[in-house]
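Given next are the chains, with one letter for each unit.
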Amino acid sequence: DAKTTQPTSMDCAEGRAANLPCNHSTISGNEYVYWYRQIHSQGPQYIIHGLKNNETNEMASLIITEDRKSSTLILPHATLRDTAVYYCIVRANAGGTSYGKLTFGQGTILTVHP
Amino acid sequence: GAVVSQHPSWVICKSGTSVKIECRSLDFQATTMFWYRQFPKQSLMLMATSNEGSKATYEQGVEKDKFLINHASLTLSTLTVTSAHPEDSSFYICSARDPTGGGGYTFGSGTRLTVV
Numbered sequence: 001d002a003k004t005t006q007p008t009s010m011d012c013a014e015g016r017a018a019n020l021p022c023n024h025s026t027i028s029g030n031e032y033v034y035w036y037r038q039i040h041s042q043g044p045q046y047i048i049h050g051l052k053n054n055e056t057n058e059m060a061s062l063i064i065t066e067d068r069k070s071s072t073l074i075l076p077h078a079t080l081r082d083t084a085v086y087y088c089i090v091r092a093n094a095g096g097t098s099y100g101k102l103t104f105g106q107g108t109i110l111t112v113h114p
Numbered sequence: 001g002a003v004v005s006q007h008p009s010w011v012i013c014k015s016g017t018s019v020k021i022e023c024r025s026l027d028f029q030a031t032t033m034f035w036y037r038q039f040p041k042q043s044l045m046l047m048a049t050s051n052e053g054s055k056a057t058y059e060q061g062v063e064k065d066k067f068l069i070n071h072a073s074l075t076l077s078t079l080t081v082t083s084a085h086p087e088d089s090s091f092y093i094c095s096a097r098d099p100t101g102g103g104g105y106t107f108g109s110g111t112r113l114t115v116v
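Protein chains in written order, with my numbering: chain G, 1 to 114; chain S, 1 to 116.
The set of hints was computed from the structure by calculation and includes no laboratory data.
Because the structure is a prediction, the values reported are computed rather than measured.
Note that the Cβ used here is the ideal one computed from N, Cα and C, for glycine as well.
There may be inaccurate statements among the hints.
Unchecked claim - Reference excerpt, derived from the structure (chain S facing chain G, CB under 10 Å, subset only):
#1 19
#2 26
#3 29
#4 36
#5 38
#6 42
#7 43
#8 91
#9 94
#10 99
#11 104
#12 105
#13 106
#14 107
#15 110
#16 112
Claimed, not checked - The calculated DSBU-like cross-link candidates involving lysine-lysine, where the alpha carbons are at most 35 Å apart (straight line), are:
#17 S:41 / G:3
#18 S:66 / G:69
#19 G:3 / S:14
#20 G:69 / S:20
#21 S:64 / G:101
#22 S:20 / G:3
What the hints assert, rightly or not - Some chain G residues well away from chain S (every beta-carbon gap over 10 Å; in silico):
#23 41
#24 49
#25 81
#26 101
#27 106
#28 111
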């Protein structure tokens with residue numbers, strides 16, 4: 001599986017954009033970038049995923065570099081409820097050694113403060 | 001969206017007893033489910049892949065005789081921790097692929113197991 005590297009922790013002021021980086025320099029051509037978050041003592045929650053184009057949904061935006069070696073998750077207007085651990089995961093959607101599995105790294109602890 | 005229900009949300013048991021945790025896909029069928037374990041301040045660790053109608057696939061280092069997985073129907077997978085010990089105390093989480101598209105996975109709310 002392709003490995004990901006994320007900062008251990010980040011802070012963000014409420015109402016500001018939170019930009020969470022992720023490095024995945026060994027990503028394969030068929031691997032997608034997924035983002036999940038886990039609020040304390042709950043199961044992870046899916047946020048967004050993408051292959052090579054930038055993606056946006058009601059929760060966040062995902063910016064993937066042209067060489068696909070890194071990406072950034074953007075929460076446009078962070079709230080206190082966005083405080084969580086954010087996981088960046090790469091995984092193939094079909095075939096490949098990472099197909100079907102989600103391998104979690106240590107993630108980034110995002111703290112949104114008033 | 002797809003919902004995975006996990007039960008119980010927490011359980012306390014005595015050392016040496018067995019505990020069963022259920023994972024149900026409420027509004028979709030899941031031929032494959034995944035079981036994770038998470039210790040305090042650590043990330044999720046995949047334990048095994050549960051396959052409907054066949055044997056589970058365990059990750060390296062996970063004892064299959066201790067963590068029994070049964071996936072007898074398309075909506076239910078169970079994890080039984082046998083002869084539980086205090087070191088088995090952890091947060092257990094199941095997941096299934098979200099069939100609504102996109103390739104994302106939906107997770108249960110987790111089960112906090114405490115072995116005393």
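Going down the list of hints, with the structure as the test:
no., hint, in the structure
1, 19, "18 Å, violated"
2, 26, "14 Å, violated"
3, 29, "16 Å, violated"
4, 36, "8 Å, holds"
5, 38, "9 Å, holds"
6, 42, "8 Å, holds"
7, 43, "5 Å, holds"
8, 91, "7 Å, holds"
9, 94, "8 Å, holds"
10, 99, "13 Å, violated"
11, 104, "4 Å, holds"
12, 105, "6 Å, holds"
13, 106, "7 Å, holds"
14, 107, "3 Å, holds"
15, 110, "5 Å, holds"
16, 112, "7 Å, holds"
17, S:41 / G:3, "20 Å, holds"
18, S:66 / G:69, "39 Å, violated"
19, G:3 / S:14, "38 Å, violated"
20, G:69 / S:20, "42 Å, violated"
21, S:64 / G:101, "18 Å, holds"
22, S:20 / G:3, "33 Å, holds"
23, 41, "7 Å, violated"
24, 49, "6 Å, violated"
25, 81, "16 Å, holds"
26, 101, "6 Å, violated"
27, 106, "5 Å, violated"
28, 111, "15 Å, holds"
Checked against the numbered hints above, the structure violates hints 1, 2, 3, 10, 18, 19, 20, 23, 24, 26, 27; every other hint is satisfied.
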